[in-house]
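Number of protein chains: 2
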Amino acid sequence: MPKIIECVPNFSEGRDQDVVKRIAAPFSGRPGVKLLDVQTDGDHNRMVVTAIGAPDPMKQAVIEAMAEAIARIDMTCHQGQHPRMGAVDVVPFIPVQEITMPEAVELSRQVAAEAAARFELPVFLYERSASAPHRANLAAVRKGQFEGMAEKLKAPQWQPDYGPAKVHPTAGVTAVGARAPLVAFNVNLGTDRADIADAIAKTVRHIGGGLRYCKAMGVTLQERNQVQVSMNMTDFSQSALYQALELIRIEARRFGVPVVGSEVVGLVPMQALIDCAAHYLGLENFTMAQVLESHLL
Amino acid sequence: MPKIIECVPNFSEGRDQDVVKRIAAPFSGRPGVKLLDVQTDGDHNRMVVTAIGAPDPMKQAVIEAMAEAIARIDMTCHQGQHPRMGAVDVVPFIPVQEITMPEAVELSRQVAAEAAARFELPVFLYERSASAPHRANLAAVRKGQFEGMAEKLKAPQWQPDYGPAKVHPTAGVTAVGARAPLVAFNVNLGTDRADIADAIAKTVRHIGGGLRYCKAMGVTLQERNQVQVSMNMTDFSQSALYQALELIRIEARRFGVPVVGSEVVGLVPMQALIDCAAHYLGLENFTMAQVLESHLL
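Protein sequence lines correspond, in order, to chains A and B.
The opening residue of the first sequence carries number 1 in my numbering; numbering runs sequentially from there.
The opening residue of the second sequence carries number 1001 in my numbering; numbering runs sequentially from there.
The following block holds chain A by itself, in its conformation from the complex:
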């Protein structure tokens, strides 16, 4: 089986479809790389590319996409619901097949070093690639967002791992790192009240006393006139999607608000959904070896 790495870079443009297309282009038609998904969100004003492929061509594709984003996105006039600190906000690498976590970490370091040198961009290593424990969590690295980065980079504990110790004037700051598979899972509520989504997000997420591998925040969906609890499930094998959904459902009940649906953004490992099916069906003694396709991988 060949080595396969997944890369899910997030860029701070979700509205201008021409820019979106140019940023995604380096992942298309390149031998060894398969572009799986480009999601854009006008409310978040953000795009998420998902690609899988061999390490070397993937590295090339990422650098080219970063060049496009840095040339075309001006963070000084960027607005959107999602927290962000740079034109290329975050570049995670996820080992999929025949690649160890240390190999993924090494790949992330190479991309961080090359991008920093080429674009004069401050780059933080995060998650499994972090150079210190306080830099592992993306939310901690991104705290202050684009507008607060100039000040943040003056602190000794927030010197970037690569590149200059000052914010790129239009592209801000970027985080690059290796991590375990993450599922972006959002639960939509039948209300437009942002305070309710915020309150519920706080109860379900780890820092609020909720699920250990769940990050959550309230987001307003202007186009739908609804709010959602937007989550990153950072280890679905420990904190399951169905646990997050059901916790949100019972909290929402206190506000008299219904759960009206949910969504998975981007890719999801088969196991994360099958765990949910097994839970709701009440399957006894089920193993992944019973999944026909598991024998064809």
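Certain hints may be false.
To be verified - In silico BS3-like pairs for lysine-lysine, Cα to Cα no more than 30 Å straight-line: (1) A:K215 with A:K152; (2) B:K1143 with A:K34; (3) A:K3 with B:K1059; (4) B:K1143 with B:K1202; (5) B:K1202 with B:K1059; (6) B:K1215 with A:K3; (7) A:K154 with A:K143; (8) A:K166 with A:K143; (9) B:K1021 with B:K1059.
None of these hints come from the bench; they were simulated from the model.
Put chain B on the given structure of chain A with help from the hints.
Just chain B now, with coordinates in the frame of chain A:
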């Protein structure tokens, strides 16, 4: 991608582990064939082998397993919960990859012809291989079970497709055919009353006015002191597992009986479970292309 056929032969022995092992052996250690699962059930007194592989070695493995079963199982003293008509009760072939349904039908005909000649065994073609519409349904072919086959084979409309028009004295009759993927899905009830499982089975199955692609019957699980609704979901893309479960749950409620769990017997296509996850999570706009592994097959 190579041609892959799945074969899920059912044999009428679920208690004697030595016989079970001998029947399953031809599917092990054979180049081109992968034995995925051997399930035995003492109450059903039945074993279900699941194997995938290339058509030619699969054909050889099936014929050898049939030889073992016919040599070792005596249907004149067989007892079990599950309807059965032969030592080798039924041999379904399911196209998995790069094989069309007509190719699977042709393979089933070859196996039926060879087994009939070699074992002097009456063989019916069923499902997509059936030689007449009234023979497509396995339950119709098997009606009367082993004990009734001598009389049944006298009727002109029940002449076997291959082999002698009389029952094999100890091995009975066998059905061979090609079919779409089937999911064996059982729902366990918190009662030992067989009449309740029977009554619920009748409401959920197609012939009783229930789901179109659902066959169901009540089964007693002596070892657990419970009953179950034992189902074959013959097209999960049309009649979903969660529909069957929820229909059983609401019928059981009328008897004051809880659903205590469920099980999938043998293999299940990824899609059948992901459909359930998507339903219970309320996923909006979800596609199978979001499943990471779908891009690695």
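Each hint tested on the structure:
1. Only pairs whose Cα atoms come within 30 Å are accepted, and K215 of chain A paired with K152 of chain A is accepted, the gap being roughly 23 Å.
2. Distance check on the hinted pair: K1143 of chain B and K34 of chain A sit about 52 Å apart at the alpha-carbon level, beyond 30 Å; violated.
3. Between the alpha carbons of K3 of chain A and K1059 of chain B the distance comes to roughly 35 Å, so the proposed pair goes past 30 Å and is violated.
4. Straight-line distance between C-alpha atoms of K1143 of chain B and K1202 of chain B comes to about 17 Å, which keeps the hinted pair within the 30 Å bound.
5. For the proposed pair K1202 of chain B and K1059 of chain B, the alpha carbon gap of about 36 Å is over 30 Å, so the pair is violated.
6. About 44 Å separates the Cα atoms of K1215 of chain B and K3 of chain A, which puts this hinted pair outside 30 Å; it is violated.
7. Distance check on the hinted pair: K154 of chain A and K143 of chain A sit about 14 Å apart at the alpha-carbon level, within 30 Å; holds.
8. With a CA separation close to 16 Å, the supplied pair K166 of chain A and K143 of chain A stays within the 30 Å bound.
9. Only pairs whose Cα atoms come within 30 Å are accepted, and K1021 of chain B paired with K1059 of chain B is accepted, the gap being roughly 19 Å.
Violated hints for the displayed structure, listed by number in ascending order: 2, 3, 5 and 6.
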